[in-house]
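Engineer: Letter by letter, the chains look like this.
Protein chains: 2
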Amino acid sequence: MGRIAVTDGMAGAAVSILENAGHEVVLRHYEVEELRTGVLADFDAVVIRSATKMTSEAIEASCSGGRLGFIGRAGVGVDNIDIMSATTNGVVVCNTPGASTKSVVELTIGHLIASTRFVARADRTLRSGDWAKKHLRGSELGGKRLGLIGFGRIARGVAELAHGFGMEVNAFDPYVSAEQTDELDCLMHDNVDSLFRACTHISVHCNLSEDTHHLVNRERLAMMPDIGADGTACGSHIVNCARGGIVDESAVLDALDSEVLSSAALDVFEVEPAIGNLLLQHERFHGSPHIGAATLEAQNRVGTEMAGLLVAFFNGERPKSAIN
Amino acid sequence: MGRIAVTDGMAGAAVSILENAGHEVVLRHYEVEELRTGVLADFDAVVIRSATKMTSEAIEASCSGGRLGFIGRAGVGVDNIDIMSATTNGVVVCNTPGASTKSVVELTIGHLIASTRFVARADRTLRSGDWAKKHLRGSELGGKRLGLIGFGRIARGVAELAHGFGMEVNAFDPYVSAEQTDELDCLMHDNVDSLFRACTHISVHCNLSEDTHHLVNRERLAMMPDIGADGTACGSHIVNCARGGIVDESAVLDALDSEVLSSAALDVFEVEPAIGNLLLQHERFHGSPHIGAATLEAQNRVGTEMAGLLVAFFNGERPKSAIN
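Going line by line, the protein sequences match chains A and B. In short: position in the first sequence from 1, add 345, done, that's this note's numbering. In short: position in the second sequence from 1, add 345, done, that's this note's numbering.
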């Protein structure tokens with residue numbers, strides 16, 4: 346039976362599954378400085394979310410006892426784990442790629458409607474004693490062209506709902522071939538500039554990597570049309586519920602100021618927690634503090650899925666979402 | 346050729362249609378005191394939205410010249426027109442029932458997601474310098490049971506999108522028979538209490554009348570379950586994008602305070618403009634200033650539809666949306 350460190354919390358049901366299977370589960374958060382001293386060296390497995398940083402030094406120190414064999418990321422993005430270092434040290438890294446999909450999809454649609462119908466700004470003006478009805482004339486999503494950057498699970502979920510609203514869906518994803526998307530009623534672009542030129546509404550659904558850092562930049566924001574596919578002067582709108590850093594926030598702020606961009610909605614930021622970020626005070630910005638996966642359902646699914654991966658690992662099997 | 350008063354604005358394209366057909370269009374707003382003096386007596390037709398109040402006295406005075414024959418409501422609700430008085434005076438009343446459907450449907454979905462994912466509150470906390478991620482764990486719409494009060498055009502549009510999110514849809518509408526809804530995958534309740542007992546999420550889509558005044562009241566809010574159809578502790582949520590007065594705001598405020606209700610989202614209020622309303626300052630409330638139909642698309646469709654009704658009226662035909 347194994348010793349499992351859970352450093353960023355886990356659903357109670359998942360902890361029970363592991364304890365009932367005879368494992369010891371220790372729930373405690375460690376900062377990167379502590380991790381570098383080898384506090385995880387007498388664990389067999391560690392489960393983290395985004396707050397724990399498994400840098401190369403942290404992994405080296407954690408493996409110094411020759412015991413750690415599993416790093417589980419309860420969630421999707423593994424940009425807080427040095428995968429190379431894990432592989433070198435014989436540690437398998439797993440995530441729970443599907444568990445939060447539906448939650449992120451719903452928040453993305455929520456941010457899209459909040460952008461075109463001023464949901465946050467309307468509430469703000471009401472609270473300040475202003476009945477701003479005349480200044481809050483928006484536009485419908487129906488009839489507009491939505492551009493998805495990345496066309497994985499989440500983007501496909503967004504596409505399906507967007508079709509329900511009557512949007513045309515376009516996408517750019519260099520890892521997906523047009524044949525794979527034939528049945529999805531989505532026009533694939535072969536370069537990202539072409540997507541920006543075609544779409545009044547853009548939503549980001551790719552990983553953060555060197556290739557995607559500041560992919561949404563000044564030049565591309567300026568390429569977006571402000572007349573919708575249906576002829577409505579709907580303006581241009583950008584949503585990012587994927588990862589901070591893909592969108593150049595300084596370019597977004599300038600584009601909002603100069604009215605090149607009509608609205609921006611971000612759930613993720615270049616620096617988190619995003620405190621003091623100038624963008625947050627812009628009238629046509631609205632945001633949320635990285636809550637794409639912050640639902641009861643997603644956290645339960647993440648936990649249950651992770652418990653299954655750990656059980657497989659302790660049975661000597663290769664966990665099915667192993668990424669190294 | 347006729348003289349047409351447009352008292353609450355109209356899309357430019359619609360004004361052009363009427364002027365090109367040879368009519369005179371006068372764009373000017375009148376308060377109810379002015380209307381009572383007979384300022385509309387030398388018009389053949391008047392087009393209003395919700396801001397102009399065609400009371401019985403206003404209609405009597407407007408008909409004193411024997412000329413006015415048409416009151417057009419650019420929008421849906423005719424609770425600002427005394428229909429009886431119009432009928433007695435031989436004035437036909439028309440609205441544009443379908444033109445704003447899609448806009449209201451989208452705002453309703455936006456408010457539902459904003460309720461379950463804290464869209465307005467998240468933005469408010471970010472702006473105040475607080476990274477409230479840990480306090481903003483929400484729930485998915487998928488798997489929950491949505492109760493629709495009224496099952497007309499807008500409710501059906503909401504139902505269709507809600508199905509896309511994976512919600513179960515229930516409804517109560519005494520004017521719609523179960524046979525009419527057989528194909529719509531919606532469970533019809535034969536009384537409104539039963540709807541409240543079944544649904545964690547309720548959205549209002551009926552007219553305001555004596556029967557529906559304060560239909561959403563203290564007792565019914567207390568009937569709502571706080572565990573979703575999928576077993577998630579999602580709480581209970583109420584949305585009203587229909588008409589103020591259907592929801593008892595004082596009951597909602599108490600229910601929020603006592604945590605009987607998890608969230609409330611209102612686009613319409615008992616008194617509008619809603620300034621100084623205590624509900625507006627509640628942490629788990631969010632609202633908008635009656636902007637359900639406030640989109641470029643809806644206003645263009647309303648205008649074009651109204652122009653068509655006026656052309657029919659001046660041709661001596663009965664306009665197809667005549668309601669008296």
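Possibly wrong hints are sitting among the right ones.
Same chains, same label: a pair holds when it works inside one copy or across any pair of copies.
Dumping the calculated DSS-like pairs for lysine-lysine here, alpha-carbon to alpha-carbon at most 25 Å [unchecked claim]:
hint, residue 1, residue 2
1, K398, K665
2, K479, K665
3, K398, K479
4, K478, K665
5, K478, K398
It should be emphasised that the hints constitute simulated quantities derived from the structure, not laboratory data. The model shown is predicted, which means the values in this text are computed figures rather than measured ones.
Engineer: Next, verify each hint and record whether it holds.
Structural biologist: Outcome of the hint check:
1. Proximity of K398 and K665 under a CA criterion of 25 Å is satisfied intra-copy only: 23 Å inside one chain copy versus 66 Å between copies.
2. With identical chains, the CA atoms of K479 and K665 are never at most 25 Å apart, being 54 Å at best within one copy and 30 Å at best between copies.
3. When the C-alpha separation of K398 and K479 is checked against a cutoff of 25 Å, the pair qualifies only between copies, where the shortest distance is 19 Å, while the shortest distance within a copy is 48 Å.
4. Taking the shortest Cα distances, K478 and K665 never come within 25 Å of each other, neither inside one copy (52 Å) nor across copies (30 Å).
5. In this homomeric assembly, K478 and K398 come within 25 Å of each other (Cα to Cα) only across copies, at 18 Å, whereas the closest approach inside a single copy is 46 Å.
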